[in-house]
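I would like the entire structure built from these sequences, with the hints used as guidance.
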Amino acid sequence: MAAAAEAAPAAVVEAEAEYHDGRQARPLWLRARLTPASLELRRAGGEAVASWPVAALRVVDRAGGALRLAPDGSDARLLVSDAALVAALEAAQRPRRRAALRRRLRMAALAAVLVPAGGLALWKGWPPAADAIARAVPADWERSIGAATAAAFIGGKRVCDAPAGQAALDALAAKLAAAGGVPAAGLRVRVLDDPAVNALAAPGGEVIVFRGLLDRAGSAEELAGVLAHELAHVKHRHGLRGVARVAGLFVLTGALTGGSDAVAAAAVLVGLSYSREFEREADADGARMLRATGIGAEGLQAFFARLERDGPGASGSLWDYVSTHPADADRIAALRAEARPADPAQAMPAGEWAAVRAICGAARKGEPKAGSAKSQPAAGRAARPRTRSLGTFADWEAWTYEERGRGTMCYAVAYPVPAPGERRSRKTMLWLAHRPWNRMNDISFETDVEPPPAGAAIRIEFGGRAAALRMRRGAAWPHDTEALSAALRAAAAEGVAEATVSWSEAVKEYGEAPRRTHRFGLRGLVEAHAAIGEACQEAHAPAAPATTAAAASAP
Amino acid sequence: MSATTIAPPGIAPPGEAATAASPFQAPVPAGAPAPPLRWDGSAGRLVGIGLGNMVLTVLTLGLYRFWGTVRMRRHLWAHQEFLGGRLEYAGTGGELFLGFLKAVLVIGPVLLAVSLAEPLLAAFPVVAWAFFGAKLAALTFFVGVAAHAARRYVASRTLWRGLRFMLAGSPWRFGFVSSGWTALGLLTLGLAHPFAVAAQARWTVGRLHLGTAPLGFDGRARALLRPWLAAWGLTAASGLALWLLFGGRVAGTIIERMPPDAIEDGSAGAVRFTVYAIVAAACALPGVLVAGPVWSAAAMRWTAGHTLLGGARFSMPGATGWSVFRLLLGNALLSVASFGLLHPMTLARNAAFRARHLRLDRAPDLSAARQAERGPGTGEGAADLFGASAF
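Line by line, the protein sequences give chains A and B.
If you read the first sequence in our numbering, its first letter stands for residue 1, the second for the next number, and so on.
If you read the second sequence in our numbering, its first letter stands for residue 1001, the second for the next number, and so on.
Check before you lean on any hint, since a few could be wrong.
[What the hints assert, rightly or not] Cross-link-like lysine to aspartate or glutamate pairs, in silico, DMTMM-like; alpha carbons within 25 Å at most:
(1) A/Lys124 x B/Glu1118
(2) A/Lys157 x A/Glu422
(3) A/Lys124 x A/Asp285
(4) A/Lys427 x A/Asp285
(5) B/Lys1102 x B/Asp1365
(6) A/Lys157 x B/Glu1373
By construction, these hints were calculated from the structure, which means they are not laboratory data.
Since the structure is predicted, the reported quantities are computational estimates derived from the model, not experimental observations.
Here's what the structure looks like:
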């Protein structure tokens, strides 16, 4: 020590410091003497307590302006607050700090190589591993999973099974499956009575087509395109493979990252990339199936064109399908490349296509969605009818409808006055509904024949008054449905003979666009409404002139 | 900083004596005990550490978080001064990382198997439900185990005047205790909660040692029953009153006013349940906002008031419902409004709150305290996997 002091006398610094011996809680105040080689600790009397080599000294922290030191591998601590000693100790720490910095840089370099490599290995390695797990699941087990999944989707909704439509659908599916090499065992295509525009393939060959998709499909070839796509999912077992991939992905990333939100979001993106990968594969293989049957892939392309045109938010839009089948420009372009315009075969004869479209019942789109009256009187139903006729009153019919879980609602309905020489159509109607549980009188307009576009300005006019209707979920509703219902009844009571519902076909740049008009007779409305009021045992508020004025303004 | 940091009142000035008079023997003025805990950390620094950790964690696909946790803790520990001695956090990121690797190797395959089995079992509803129940029970149990193991690790890495803390008690037994109280709490609609709080206190401060000197805990859950029942009753009564006055009608009106086609046959029940649940929660909110902080403050005062160290007793007389309300509301607003970016500020606020309100009635006698054993070699892996955390 003396030699070291001689070698660099200026480097010796001495001060008081607080010492914890790491064995008990009482602190000692010691004289600390720093030489280039070591830090000597002595009691005031000169008795040596410890001597620590400078090279083995570690700075624990610098909180509050004091330096806390520890010799390597010891619990002892020294707290130094003397400015000169702190400065000298910091200077003596320089080589150690440089070493620490080098170690950190090495770690950072290592991480820069290993982290992307590990991430890539997981990203590329996990899908095949998950696929192997999914393939190891026995087929009958997969079918049970599929049945459970399908049951969850179906929920309380009706599965449409009109025999002619189902037969045509099965024939189309069988033709596509045979052409595409889709295993026939367990394959089942069902139509769900749901307005959503969607289709899905659950594990084990369970394909569900939503009724809304049949309504919106422009042709049997479009349906064939969607069906081929779903059958390709079945063929490649995308359902089960997707479940295995995503479940494992979330466990792996969650475990590796400790539930970091940013990384969880990244996992969701990776999960979506799996789904896109499956969709592309199903598109390509579906298109091959369509070509093999001679139908051609234009149908699916036309369907996607419809997706693009309608976009989100449109009434009864195809957005449901888009959200589960992420479409992008690439995908449509790939399909266009697949499409072969030369002389395509028909997916099915026109009669069969009509049967498929009618699989949920003829008047499916004219249902009063207001009350979910799925058992419309005109529809041929196997199930126990939930409707009951209250009689016909000139232009109007009165009905009751049992709404599940709610009770009985009543409604009056009128169909348009037919043009001379035409038959009366039941596909367009004006509804006056009454639901006792919320004491509301609704009025709405629905049509299955070229329905108004989403943003159409629809107008109802009667007796020199007019009100605006707005499309919502396939029906047109006034702003104040209660007041308009009362106004229409008041007009009928005053002897107004007719109400018209009309809208512009399109927005024309110049001049007035042609209007589509439906005329409804008002004879019998008062009586029909009295009948439903009686049936629903509810005193209806009389149509006061004030509400009439509020509901309908001069055109 | 000033010399008082090193030599608080009671410690002999440097050079006067080789052995300083320990603060433990120094007389504390009667009636006005000095706050034993001091916080001089910086919320801004903590936020900076938090932001840096976030960036590095994302860049390293989550791996940096172990080292980030250590950085955060070192600041929090080093700026809390207990009886003139700063705490020291002696854990390392490497220990946390190794603990995590161990846990991944042991628990990872089980978690993976469970999450893969769940969708596959969908084919057998009864089995699936039984499996789901067993999974929940096992998860509750293991969260308790992992939480206690993590607390043991953190205690063993916390030093004061060179002495390690030590938390006794088997994590497995704590798993049973905590999952048991969770189940009982659910079964009694929360009425058993004070007993769970007491069990938690016995298993944390009650089993904590500073070196070899035990901290004592002598609280009984019975004393918590009254404040808890009052808070529970006030919340229930005010919630019920609001429901009867407005809630029921509001919920009914909302359902009536919904576009008729928003409620379809299949989903009508679910939609109605959701509306009722949201409105009921809104009705309970005023009660929770008033009674919650009052209860939290009572539980805090009770826990502190029954904690002993070296013959001295802690207390938190200033932790009132109003002060806890401000603390919690401020924390919530800071976290939510900043999307979690300012969450570290709440750690600083909590530390400042503790320092402001904690009291000790006399100087504890720690002359018998000796160094504790080293404690677990690696830490917190299981807690990390289960999302349980010591702090």
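Verification of the hints:
1. A/Lys124 x B/Glu1118: holds, 24 Å
2. A/Lys157 x A/Glu422: violated, 36 Å
3. A/Lys124 x A/Asp285: holds, 23 Å
4. A/Lys427 x A/Asp285: This hinted pair is violated, its Cα atoms lying about 38 Å apart.
5. B/Lys1102 x B/Asp1365: violated, 40 Å
6. A/Lys157 x B/Glu1373: Violated: A/Lys157 and B/Glu1373 sit about 65 Å apart, past 25 Å.
When held up to the earlier numbered hints, the structure conflicts with 2, 4, 5 and 6 and fits the remainder.
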